Each structure stands twice: as structure tokens, then as C-alpha cells.
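Enquirer: Take a look at the letters that make up each chain.
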Amino acid sequence: MEKITWEMSAEEAKGSARAAFIKKIYELAKTNDSICLVNCDCSPDGSVQDKFSKEFGDRFIDTGIMEQNACGLAAGLALSGKTVFCQAFGPFLSTRAIEFVYLDGAYNDAPVTYIGTHCGVTAAAGPTHAAVLDIAFMRSMPNMTVISPADAGQIEKVMEAAVDYPHPIYVRCARGEEPLVYKTNDYPYEIGKAIIAREGKDVTLIGCGNGVHQCVVAAELLEREGSDARVIDMHTIAPLDKEAIYAAMRETKGIVTCEDHMVNGGLGSAVAEVVSECEDPSLRIPVKRLGLPITEFFIQGSPEEVYAYYGYDYNGVCKATKELLGR
Amino acid sequence: MAMRLTKEELQTVRALQLQAAENRRALINLTYVSGYSHLGGPLSACDFLTALYGQFLRWDKNRLDDPERDRFILSKGHNADILYCIFANLGLYPMEDLLKEYKNYLGRWGEHPNRFHNPGFEICSGSLGHGLSVSCGMAMAGRIDKSDRRVFCLVGDGELQEGSNWEAIMLAGHQQYGNLVLVVDKNKCQGCRLTGETIRDENLGQRIASFGWDVREVENGNDMKQLYAALRDLPASTPGHGKPVCLILHTTKGCGVQYMEDGMAKWHAGGIGDDRIQETYASIDSKLAAQLAETDRLIAEAE
Chain A
1 MEKITWEMSA EEAKGSARAA FIKKIYELAK TNDSICLVNC DCSPDGSVQD KFSKEFGDRF
61 IDTGIMEQNA CGLAAGLALS GKTVFCQAFG PFLSTRAIEF VYLDGAYNDA PVTYIGTHCG
121 VTAAAGPTHA AVLDIAFMRS MPNMTVISPA DAGQIEKVME AAVDYPHPIY VRCARGEEPL
181 VYKTNDYPYE IGKAIIAREG KDVTLIGCGN GVHQCVVAAE LLEREGSDAR VIDMHTIAPL
241 DKEAIYAAMR ETKGIVTCED HMVNGGLGSA VAEVVSECED PSLRIPVKRL GLPITEFFIQ
301 GSPEEVYAYY GYDYNGVCKA TKELLGR
Chain B
328 MAMRLTKEEL QTVRALQLQA AENRRALINL TYVSGYSHLG GPLSACDFLT ALYGQFLRWD
388 KNRLDDPERD RFILSKGHNA DILYCIFANL GLYPMEDLLK EYKNYLGRWG EHPNRFHNPG
448 FEICSGSLGH GLSVSCGMAM AGRIDKSDRR VFCLVGDGEL QEGSNWEAIM LAGHQQYGNL
508 VLVVDKNKCQ GCRLTGETIR DENLGQRIAS FGWDVREVEN GNDMKQLYAA LRDLPASTPG
568 HGKPVCLILH TTKGCGVQYM EDGMAKWHAG GIGDDRIQET YASIDSKLAA QLAETDRLIA
628 EAE
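Residue numbers (my numbering), protein chains in the order written: chain A, 1 to 327; chain B, 328 to 630.
Treat the hints with care, as some may be off.
Said to hold, decoys possible - Below, simulated PhoX-like cross-link-like pairs (lysine-lysine); rule was C-alpha separation at most 25 Å, straight line: (1) K288(A) to K242(A); (2) K183(A) to K14(A); (3) K253(A) to K319(A); (4) K54(A) to K473(B); (5) K288(A) to K193(A); (6) K54(A) to K570(B); (7) K430(B) to K593(B); (8) K30(A) to K51(A); (9) K473(B) to K30(A); (10) K473(B) to K570(B); (11) K473(B) to K51(A); (12) K242(A) to K253(A).
Bear in mind the hints are in silico, worked out from the structure with no lab data behind them.
The model shown is predicted, which means the values in this text are computed figures rather than measured ones.
In isolation and in its complexed conformation, chain B is listed as follows (with noise of 0.2 Å):
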């Protein structure tokens, strides 16, 4: 994959790798903590969330009412415990409070978010197949402001089991929003088993693509390389027609943690015990560090 990373840019992959990083670990420190949290998909979706907020996406942690923010709206909402710890480390919140109120009596953040509750989200969500159609909205009032502001839709490959997203990227396709992008996080595991044993799905580029969508595939979606990449080249958006752009992020499930990656939908939620804490953050901190020595050396290349 040409990916043309300036140095620059090089530097700014090391530095997301490096909150990624960050990000996973206070994951597991969320799941040590609370017993129990969403595991397998918040971490295949981890780099592409750091990376959006880190680097592209039109927002401001201070001004999350502004009309003319860029929406992210996870429709996956049980990827939203990897957002949480996402936005305790931006500085949205201290990471005291949401390790304090996670999941327990009265606490404000749940196993799935709720958009009054919890800062930064657009929406409540939890059930599967939702997002798209809110974002449909939102991009039609993008439209109607005449705005370049985008909406970005995070949803699983599981979750496009749901018809209700189909309808919507029937629609999409149809209204031409140039100013949506849905992102599949491609992990290819589901709840109980493999997305594509269950609903066999090795063609879901060809089939989104022929409803009217530029389809992008990223072929490692963990590779922050590849994901700055794919989302510095997305076409520019725009309130009038234009193909909606779909990101297909092939993923690990689990990815991060060698262990979880390994063992598929058995990781798809769980708690983590004191038995496995240091082999976790381990495995976190190994392949950090092969990450940033490849980076480091394609920096040193660039020079």
C-alpha cells in the first residue's frame, strides 16, 4: 500500500501509536478495575478512534456544542468503554471519575453511552444498526447549512447483519451525501462466532460500492500508517453531491493484547484478574515497541 507519509507525518504516526498505546492500557486498567467491559472490539477499533481524534476530525473538547463539529457517531455502542478512557486521556474528564462511576450505582458511564451523561457523545446508542441512520440525518442537515462539516459512522461487520443499515446506505448512496463516511471496523468476529461464518461477507466492499459509495479498504486497520493514510486522502467533504465514502478497516479483534487477539470471540467481552494483568499490559507494551521501532526507522529513512 503507497501510503507517501512525509516525515512529518511519520512523527505524527509515532506520536498516535504512542496514545493508542495509552488508550489500550487504560482500557485494561478500566476492565481490571471494573471486573467487566466490551474487550475484542474496542480494541480492534482503538487505533482508528485515536487517530480521529487525535489528528482529523473537526472538533473541539472544548466547544462540543459547536454546530459546525465534524460528528462521530458510534453506532457500535459497545465499543464505547475504549471512547471513555479516549476522551479521560484528551482531558474531557479525569480518568479517576470514569474508573470510580464505570458501570457502577448511579455512575454515568455505562457498559453503553448515553449522549447526556457522557461528554463527547452524539448519541445514546447500543443497539445494533442505529447510527447510520442518525448520521443520515445529520449529513441531510449538513446539507440543508449548506456545511462541509463531516459525519463520521463507526459500525462492526457483525452489526451489518442488522437490515435497518442497508436501508440507510441504500439512501446514502442514493442522496449522494458527500459529507458521510461510514467506517467498518472489519474485525470478523461477532459476538459467538466468525462474521463470515454466520453471514458470509468476503465481498462487503463490492456490495457497498454498488450502492453508490467510494469504498476504501484499509487493509490493516490497526496499522496507524495505513489509517492516517486513508483518512488524510478522503475525498473533500462536501454539503452538496458526492459519493458517501465508506472505510472498510480490516482489523484484529482483540488487537493489542496477543492473547486476545489469539482467542477470537472468546474476547469479545470479559474481565481481566490479577493472573493475566502484567501479561497484558506486557503484550500492549512489546507490540508498542515494535511499532515505534518500524516508525523510528521510516522516520530515519525520510531523513
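Just chain A, same shape as in the assembly (with noise of 0.2 Å):
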């Protein structure tokens, strides 16, 4: 099949999360003094030390290359009435300090926001650097939340309703500048609560992260080919959307899902385990899982060429799916 590149038009644009969620936690930070940070020497150019501590000096501490003390930290603060964000690198977040999260966050039940920055391979620095197994882990622990937002400006969003949610959640945010899936701001968001990102009736692809945007742009190629693919964002992993999985069984002839993390766990696979144990198997239909394999540690590469080596940038999208429908 012939590869197709997409050229971003003018009206589209990229945002950093991790700059986004900088610029929220300190607008969040100023009107509600509950909130605290709690960051593993993971700020871009020192910005939230310089600029959070100084105004809000106690309700934040920078624990330094700790994350297991970071994580049981926070949760310690959490446990004693704090709104608290604990931000690292993710793949330490969700590896080295997944303990915990599991039993100080998760099995206390305590309300931290743990937010991974550097997920997937958008670090692109390797398998140490890379938080791949993230969505497995923290999606199998009870009482934990698990949202990996579609673009930089969900992650404000994510924030919000964060604050007040009683129990941990988990956060997957890349690395680097990510292009933005939605041109405004001003749509409802929900924890929970997939949004169809674009209406179709042939097939479904469902994305998280930025497996969003190559659904997105899969979408629009599929579309001159003679395919109406719905596109849902599926933003919050844990707890699972069924009812927009159901709509997808009823409604559209296969599903294709996209993310940045391992095949083996992730959201294809919760996906995949809603379609299989439906009650009515009538209405099951096929799934292909796109994302990376668990025959190797990932190749070397720009996330946008790792994508598209293991076939989950919008063109694998686009051939998983005609291969789906059979076209």
C-alpha cells in the first residue's frame, strides 16, 4: 500500500502537555490553596520551581530523582486532606514507582493526580525511556483512574476535573510538542466519558493519546477512499466507556484501536475485552489492536517514525482498517 503523508494545514496546530499542564496547575494553584505539587526534577527549564514555589512555597516540593518517595509522598499529603498533583517522568512514574502508586495511591485510595510526562516513545530515548506498560499496570489496579488525553489542550481539562475527584488517577502525557486534535476548547469533557470525535458508520477508531490524532487523520484518508470511519477518543482507559463501545457494535462493521504503548494490556486490549465478553455475541465484531509488539524492545527512532516502523502512525491505521473491512 502506498504510503500517504499528511501535511498539517494551517488551521492545525501542536501544544506541549507538559507545558499545559504547567500553565493550568498554576492558574488552579491560585485560587484554591489545597492544591500542592509535588515534582521529580521533571520540569522543563526549572519553570515550576522559578515560578510555583515561589508564589505557593510550602504546598510544593521538588523531591529531587526519587520518584518511590515522590509517589508515597504525595499520597501521604493526599491522606491528610491535600488536592495533590505528583508529576515525573513516566516511565519511572509507572515502572520504578509502581508500588507506590499501587498501594500508598491506589490501595489507600488516596486522591493524587499522578501525571507521567515523557509517555510512549515520545521521549525517544530508548526503552528506559519510554513508558509503554503504563496503561497495563495502572489500569489493573482497583480504584485508579487511568486518562491519557488527546492533545495538550485535554490535558487542561483533565486538570480540572481532577481536582475534586475523590480517588487517584493517572495521567499518560508525551513529551514534546503534539498536534492538537481539537481546534477549541469549549467542548464538555467528562472522566469516563469517551467523546466520538467524528460521527461514521463503516468502522470505529478508537485512539487515546495521540493515537487520537492518527485515528483522526486516518479517518480523513479513509474518507476519500469510500470508508466513514467514527472516530472516538477515548481519553479515560479506567473506568472503560462500554456504552460508547456498545454504539460502536451496533453501529459500524469493525474496530481498529491506536495507541502509544504496548499491544499486549493497553487500551486495544480493554477495548477487546468488552467486545468479547458482550452479552450478545451477535453483536461482537472484529477488533485489530494497533500499537508496539511485544516480540522486541522498540527500535531507535522519532516517535513519528516508530509509529509508523510498527504500523500505528495514520497510514498503519488506514491499512489495519481496510484489511478489517476487507476492502
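Two chains, each in its own frame: build the complex with the hints.
Expert: Structure follows, in C-alpha cells:
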């Protein structure tokens, strides 16, 4: 199949999830003195340290490079009634510190919002610096909500929703500038409620994080070839919006999932679980999961190169969709 | 060790000694009834916990959710069974409930504590090396609130092999949490063998002090007089900057039951059958009698 290069139009823009996070946490903390920020030596240019710590003093801590202790500390703050955002490199937050998230956060049901940056392969720095197991780990925990915002604008909506959320949340963000899926930020957002980013009746493309952008572009390309693809922004992987999946099963012929994560255990697995466990077998439709394979540690390359190599960029989504539809 | 206890304080010590023996008996009964529990660590920590809850923790059993309460974090979660007994003896719930439900199907009390099911517990713990991290967060919250409430965290000496403790020790020293008290139950023995043989730790106090802590050693952490003095003499808690305090309690694993003291790692956990139950209670009673005789002598001398 011929590969197509998607050229961003003038209206399309990119945004940095990390920059959006920092802007938003500052805004929120100005009007809510319960908000605390725990950071593990991971803010770009020291901007958090410079701004947040000067203004909010004791409500900020940069623990240094100690994700385990930071995740436990964040739980201690939350158990003392604070509204806590705990930001760390996603790779270390979700693997090295996982027991501290699991036991101190989830088991204690401490309402910490754990924010992992550099998730998926977006750090372009090899498997030591990639969070590609995080969705699988986090969504396996009782009490834990798992969110992968589609773009930098959505991060702000997630943070607003997180402030009064009574349970721990894990939010995965990319490292750098990512395409914005939504042109404006005036759409309603609710944790646990999928967003139909594009209506369609032939097939359903379900993405999370920057996978949503890949699905949106793929849907445009598929349209040129006569396929009408629905795109679901499944920003919340746990708890999963089953109704959105049931609707896709009733109304379209197949599902393709796209995520910057191992294909085992992530969004695609979560979707496949719902489809395979559907009480009415006649509703079941084929599911194709796209993501990193379990057969190897991923290759070196820019995020876009890695997505393409493993077939979970928009071209990969198109190819998988056509195979699924038998076209 | 110069303790300078007044007559009134010695009388409190005497009451705490009686209470500690009562707590030990309850633990032994719990073990006898349930067939198995942790023993060595709970017994080494029993005197400290009895003193803390009996006298020094700012804590009201009728207001467990008071935001201004001192926090006690049991990082060595496998010692929960002694705290279950202490709380029952303090009247948080009937002892019969604990005996009936401990480790039983759908029971509320398990081998490790659960804050949702077990009154008095601040966190769910069990995996070692977590409590001090959580305690740092609680100390930070106290600072934000400008409150003088303290956070006490109890760890075992074997537990300090978990690296996360040293992250927290490093951080607390740097942040100068003057409202944090780390208590090390240095009973010198872990699950399989002697702690010092596993990883050398004879200069533990120096190591912790090197991170900016105020380290205080309690020569005999099972001597109620020494525990009383150490807890009484803690520096004032401050939400501002001050050295975090570390109390190293040199204790005896299995303390209070002679054959467990002799058996060390063998009695980390276990059961007590009909063949040993009387011997066990007798050992507790005879050790208590010796303690009380000494305390009574000191009280008489103080008059």
C-alpha cells in the first residue's frame, strides 16, 4: 500500500502537554490553596520551581530524583486532605515507582493525580525512557482511574476535573509538541465519558493520547477512499466507557484501536475485553489492536518513525482498517 | 542513662508496664486462638506502642478523624497484630470481635492492616519501605497547615534495607521536617537471620544523622522508663524547619516471652499450641513481676 504523508494544514496546531500542565497547575493553585505539587526533577527549564515554588512555597516540593518516595509522599499529602498533583517522568513513575502508586495511592484510595510525562515513545530516548506498560499496569489496579488526554488542550480539562475527584488518577502525557486534535477547548469533558471526535458508520477507530490524532487523520484518508470511519477519543481507559464501545458494535462493522503503548494490556486490550465479553454474541465485531509489539524492545527513532515502523501511525490505521473491512 | 523520672512519672511507667503486659497477653491469646501470627516484631515493639498510645500520642480514640491528631504510621505492617490488641484494650472495639474475625474469612482484621477496616490505622501497610515516604507527605501537610501535630513512623531495622527509606531519610533531612519522628525498632533480627549478618548496620545512628537528623538511641527499647524519658524529651514539634528526629530503640525480638527471646528468628512468626500456652503466659507474668518490683523500688526511693 502506498504511504501517504499527511501535511498539517494552516489551521492545525501543536501543543505541549507539559507546558499546558504547568500553566494550568499555576492557575488552579492561585484560587485553591489546597493544591500541592510534587515534582521529581522533571519540569522543563525549571519553570515550575521558579514560578510555583516562589508563589506557593510550602505547597510545592521537588523531591529530586526519587520517584518511589515522591509517589508515597504524594499519598501522605492526599491522606492529610490536600489536593495533590504528582508529576514525574512517566517511565519511572509507572515502572520503578509502581508499587508506591499501587499501595500508597490506589490501595489507600488516596486522591492523588499522578501525572506521567514522556509517555509512550515520545521521549525518543529508548526503552529506559519510554512508558509503554503504564496503561496495562495502572488499569489493573482497583480505585485507579487512567487517563490519556488526546492533546495539550485536553490536559487542562483533565486537571480541572481532577481537582475534586475522590480517587487516584494516572494521567499520561507526551514529551514534546503534539498535534492538537481539538481546535477549541469549549467542548464538554467528563472523566470516563468517551468523546466522538468524528461520526462514521462503517468502522470505528478508537484512540487514546496521540493515537486519537492518528485516527482522525486516518479517517480523513479513508474518506477519500470511500470508507466512513467513526473516531472515538477514549481519553479514559479506566473506567472504560463501555456504552461507546457497545454503540460501535451496534452501528459499525469493526474496531481498530491505536495507542502509543504495548499492544498487550493497553487500550486495545481493554476494548477487546468489552467486545469479547458482550452478552449478545451476535453483536461482536472484529477488533484489531495497533501499538508496540511484545516481540521486541522497540527500535530507535523519532516518535513518528517508531509509530510508522510498527504500523500504528495513520497509515498503519488505514491499512489495518482496510484489511478489517476486506477492502 | 540519666532518665530523671519523677515519682508521678514512675507511677505512669508502672501503669504502662502493666498495660504492656496486658497487650502481650492479648497478642499471645490472639495467636493461640487463630493458630498463627507475627510474634517477634510485635513483642519487640509492644512497649513503645503501649507508651505512645498510652501517654504521648496526641490522639483521641473518640475522634479518630480529628485533623489535628498526631499521626502514627505503622510502616512495619506485619506488626499490626499487637496494635490490633492495643486498640482493643484501649476500647476502640471489643476484643471478642478481633478474636472472632482475625484472619478469618471476610473478617475485618488481617495479617496486615487496612485503614478502611481497622479503626485506628492511618494507612494500609505491609510492604516494607512505604511508611516513611507517606509520613514525609503528612509532615509536609503539617507544615502547610502550620500545625504542630507530629507524624510518628515505626520501621523495623531489617526494613531499612529497602532503599526507599533512604530516599525519604535524605528528603526529610533536607526539608527539615521538625514534626517528623522516625522510630526504628532495632530488634536485630529479620525474617531469616540476624539483621547485622544480612547487611552490616552497627553504625545506623551515624548514617541517619549524616542526613541531617537528630538521632537519639534508647539503650533498652523494652524498658518503659527509658521509653518514657525518650518520648517525654522529644524536641518540640514544629511545622517550621527543624531536624527530624530518629529514635533508635535497641530492642529484643520476642521480648517478654523467654523462649521467644532465645529463639530469635525462629519466632518471627508462628503459632502457640496447648503445650506452650501456660509457659508463655508464665513468662510474661514473671518478667512483669520483675519490672514492677524494680519500679516500685524506684517509686519508694523517690519518696
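Enquirer: Which of the listed hints are not met by the structure?
Expert: none
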